[in-house]
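Engineer: Protein sequence lines, in the order shown, are assigned to chains A and B. Going by our numbering, the first sequence opens with residue 13, and the numbers climb by one from there. Going by our numbering, the second sequence opens with residue 68, and the numbers climb by one from there.
For the record, the hints were derived by calculation from the structure and aren't laboratory data. Hints may be right or wrong, so weigh each one.
[What the hints assert, rightly or not] Now the in silico label distances, taken between C-beta atoms and shown as ranges:
1. B:Phe304 - A:Val26: 19 to 29 angstroms
2. A:Ser16 - B:Pro297: 17 to 27 angstroms
3. B:Arg526 - A:Val26: 53 to 63 angstroms
4. A:Ser39 - B:Arg526: 31 to 41 angstroms
5. B:Leu437 - A:Phe19: 18 to 28 angstroms
[Stated by the list, open to error] Straight-line alpha carbon distances no greater than 25 angstroms define the calculated SDA-like cross-link-like pairs of lysine to any residue that follow:
6. B:Lys429 - B:His175
7. B:Lys538 - B:Leu258
8. B:Lys334 - A:Val26
9. B:Lys334 - A:Val47
10. B:Lys536 - B:Val197
11. B:Lys334 - B:Ile92
12. B:Lys334 - B:His274
13. B:Lys334 - A:Ala40
14. B:Lys334 - A:Gly21
15. B:Lys429 - B:Leu448
16. B:Lys334 - A:Thr18
17. B:Lys334 - A:Ser16
18. B:Lys334 - A:Ala29
19. B:Lys334 - A:Ser39
20. B:Lys429 - A:Val51
21. B:Lys334 - A:Asp45
22. B:Lys538 - B:Ala366
23. B:Lys429 - B:Asp329
24. B:Lys536 - B:Leu89
25. B:Lys430 - B:Asn114
26. B:Lys429 - B:Ile92
27. B:Lys334 - A:Leu46
28. B:Lys334 - A:Arg44
29. B:Lys429 - B:Thr540
30. B:Lys430 - B:Pro449
31. B:Lys334 - A:Asn48
32. B:Lys536 - B:Thr171
33. B:Lys536 - B:Leu190
34. B:Lys334 - A:Met13
35. B:Lys334 - A:Leu42
36. B:Lys536 - B:Ala523
37. B:Lys334 - A:Leu36
38. B:Lys538 - B:Arg450
39. B:Lys334 - A:Leu33
40. B:Lys334 - A:Gly49
Cβ coordinates follow ideal geometry from the N, Cα and C atoms, glycine included.
Each chain is listed here by its residues.
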Amino acid sequence: MIFSATFLGAIVYVALAWCALAALGLSAVLLRDLVNGDVW
Amino acid sequence: MSDVEAILPAQTAWLLLSAFSLLWIALGAYWGRRNTSFEDHALAGRNIGLALGTATAAATWITSNTTMLAPQFALQLGIWGMLAYATASFGLLLFAPMARRIRTLMPHGYTSGDFFRLRYGRLAWAIFLVFTLFYSLTWLVSMAMAGGILLKALSGIPYAWGMSVILAVCVIYTMRGGLAAVIGTDFIQSLVIIAGIVVVGFAVLSHVPIERIHANLASERPALLSVLFPAAIIAIFNNLLFGLGEVFHNNVWWSRAFAFRDGVAGKAFALGGLVWFPIPIAAGFIALASGALNVAVPAADMVGPLVIADVLGHTGAIAIFIIVFCSLASSIDSLLAATSDLVTEDIYRRILRPAAAPRNLKKVAQYVTLLLGVLTWAICLPRIGTLATVLFFAGPLVGAMIWPIVTGLYWRRANAAGAVGGMLLGAGVGLACYFAIGWYVATLAATAVSMVWVLACARFSNSRFDWAKLKETA
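Generate the whole structure from the sequences, applying the supplied hints.
Structural biologist: Next up, the structure:
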């Protein structure tokens, strides 16, 4: 029994999209912290 | 790592190395200008916000292993290998509530050693220090050595030069800026690494669709797609426990729990774990494409860079060089800072000079960072070979510390006999399994034995720990 191409595609695309969202999210939180003077 | 042809001209590599080195040192000097005391230097004034907190948790956990070993794991253990690697993020996710509790119980704490000393007494503290210093130095040496080997493999820069430069740069900015410099650079490094992995990943997919990767694997290496791949499934448990033990005990993570602003620690570690989780999959699948792309892989540990260079050419080689350099720096600087704080606080301040002034302690921490750098450099220079075996050897030590820490933080009945016995028995049985059976069961055995001993001692104990004792102020 092997993993299907659909499963492989799903975990790869989800991982890449997740990474992209994580980078955007981190930038957004930094901007919020900068505006609020909460960086450190 | 086997010798393969460099994928980036040495001249370009030196240019990139110089540019990033200057950037990190300049930022370290700039961010370190406010540090006047040991607390500023070691804990960045205990005021780190959510963005920097999340990024530093993720970036520190993204070592060169994540970016280089994840593709190797995928190449050797297939889909389960990538998923097994991703479980290391559970260490950060499960540490999130613990970080919140640490911050509450020990508002004036500096290191994980402080916890062992105050919670379990001097014998458990001494054992903990031996275990954690051995592990931290091993990790530091393996990272610095990996730096020299990777820079040579990627660009032909001689091993001694690559290793020396990356170590020197990290020592300089960590000495100058302390934890603030480490965390500030971690933010930039984490964005560079994640963005680089996304760009490279989509570039690979634009050259070879998933269906072709799957068809190639199904015909050439079907085991990599197997739902039941025993070695890979065992690797999940080993990786999971190693990750938990490492994060739960190491001062790299405790120092961050102390440094984050009130209310930030739990959220930052949870988000850091979520940020980290997809990275081994996004970086690892590239290796699975090697067959469909007809990329020859003479050394499994170079599969990632070889595929990327094949797909993206010179641009890909530059991208992977930057990703690897950032991954190395983000881990080496954190280890230097956290280990020097541990030596300064737990050995210099608590044993040698209890009356030392804060400004003096800051200087000591800086000198300890320098000494650690020199010691690491001296061990790495002869290039004694891979340290992966030694890191696995440290697995039982790390696993044996999980239960004394977890029960010590949450259970008043947890006691010194349990902690001391749990660490010694767990490590002893784990090491015996390491030699008698193999590395893949050592951490599991150590954790299980330690758990039984710690829980039994707590269950039959009449002692009730007073949490207020952890609020030591000086």
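Engineer: Just pull the numbers of the violated hints for me, sorted ascending.
Structural biologist: Violated hints: 3, 4, 5, 7, 11, 12, 14, 15, 16, 17, 22, 24, 30, 34 and 38; rest satisfied.
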